[in-house]
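Heads up: the sequence lines are chains A and B, in that order. According to the working numbering, the first sequence holds residues 1 to 208 in order. According to the working numbering, the second sequence holds residues 1 to 208 in order.
Worth flagging that the hints you see were computed from the coordinates, not collected in a lab. Please note that the accuracy of each hint is not assured.
[Stated by the list, open to error] One-sided and incomplete, this derived list gives chain B residues near chain A with beta-carbon spacing under 7 Å:
1) 93
2) 187
3) 201
Every residue, glycine too, gets a C-beta built ideally from N, C-alpha and C.
Protein chains: 2
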Amino acid sequence: MRRPGRVDRSKTTGHIWRVPQRNLREQLIEGGSRVLIERGYHASSVNDIVKAANVPKGSFYNHFESKEALALETTDRYVASYGLERLAGGDGPPMSRLRESFQSIVDRLVDEGVERGCLLGNFSTELAGHSDAISARVATALENWSAVVTAVLDQAQAAGELDPSLDTAALGTYIVGAYEGAVGRAKLTRDRAPLDVFMTTTFDRLLA
Amino acid sequence: MRRPGRVDRSKTTGHIWRVPQRNLREQLIEGGSRVLIERGYHASSVNDIVKAANVPKGSFYNHFESKEALALETTDRYVASYGLERLAGGDGPPMSRLRESFQSIVDRLVDEGVERGCLLGNFSTELAGHSDAISARVATALENWSAVVTAVLDQAQAAGELDPSLDTAALGTYIVGAYEGAVGRAKLTRDRAPLDVFMTTTFDRLLA
């Protein structure tokens with residue numbers, strides 16, 4: 001995401017005290033993600049973000065027009081980390097791939113702290129009606145995710161792993177919603193139990 | 001919720017310009033609920049609340065210690081409106097009662113505007129980590145609701161309406177989570193479709 005005509009002075013001058021621009025941008029995204037997911041959008045200031053990113057305060061607006069612009073990029077990165085292309089196009093039995101994908105998403109959420117919640121779920125309740133741009137981005141992310149789940153369920157039906165009479169489009173939407181609901185509950189109680197219930201009920205009952 | 005030793009001067013003096021205290025409190029709860037669910041907790045000020053409630057600004061702190069105190073009462077009222085005692089103890093086949101209960105909750109949400117979302121879901125993502133008091137109240141509300149769903153599923157098993165091998169405790173948690181996730185999605189897209197998917201997938205597949 002380097003801007004084309006921009007000279008990266010840190011490289012041309014080689015001064016050791018100049019932090020490369022690209023690093024500052026990445027640091028802002030990383031620190032910003034952390035702050036936005038932990039505190040929520042309204043409760044995070046640009047000041048909080050530059051502090052968490054450990055970059056000079058003045059540098060924020062060299063890289064992002066606004067907190068909203070940073071949040072949009074953060075949303076894209078968050079979804080990209082789910083590896084949905086790999087899930088949709090991977091090898092191996094479709095139902096195992098789907099279960100492993102959700103299990104790895106759950107495991108990472110637990111590792112990072114269930115009290116943080118899911119950025120998509122957090123933004124969907126907090127920002128609907130406040131930021132149309134972020135809401136649209138989150139809606140697209142959830143729709144893409146649901147569509148990939150549906151595609152894998154279609155593969156499972158074709159492979160004879162899943163009852164062919166089931167409505168896979170409805171299930172894709174339902175399962176992503178059930179995941180987000182379980183994350184909301186886990187966030188609130190700081191307990192992974194609802195996530196484990198999500199996994200067993202989805203895979204051992206709903207899709208069994 | 002009248003405070004015991006408090007004299008309601010509007011009644012004793014009969015002055016037409018005195019608004020009864022109880023009404024002001026109710027107006028604050030009603031206006032406050034509307035503002036808190038529509039804008040979220042952080043984005044709602046006490047000033048917004050008194051405006052929506054159409055009461056004098058100075059009256060807020062006569063009735064509530066803080067915005068948090070109002071939000072706690074709003075949470076209790078929201079859950080009370082679900083009629084969970086009626087659901088748990090009502091007559092008629094358990095599965096029909098459960099379906100009708102969720103359908104009426106969905107219908108009311110749609111009537112009032114899906115873009116508002118559910119107060120419990122909104123607060124669970126926005127306030128975890130910000131207000132322990134509200135988070136605890138929302139967690140209790142969701143646990144009570146799940147427990148009632150579980151109790152009705154137990155009744156359904158006893159009545160031979162539901163597979164007796166199913167884990168009703170897990171299903172109670174799962175279904176309430178799936179509902180909250182569907183509401184989050186509907187709020188984001190301003191479309192009731194995820195709620196209809198919730199109803200059919202829960203009742204025609206998960207519990208069928």
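Enumerated hints in conflict with the structure, sorted upward = As far as the earlier hints go, only 1 is violated by this structure.
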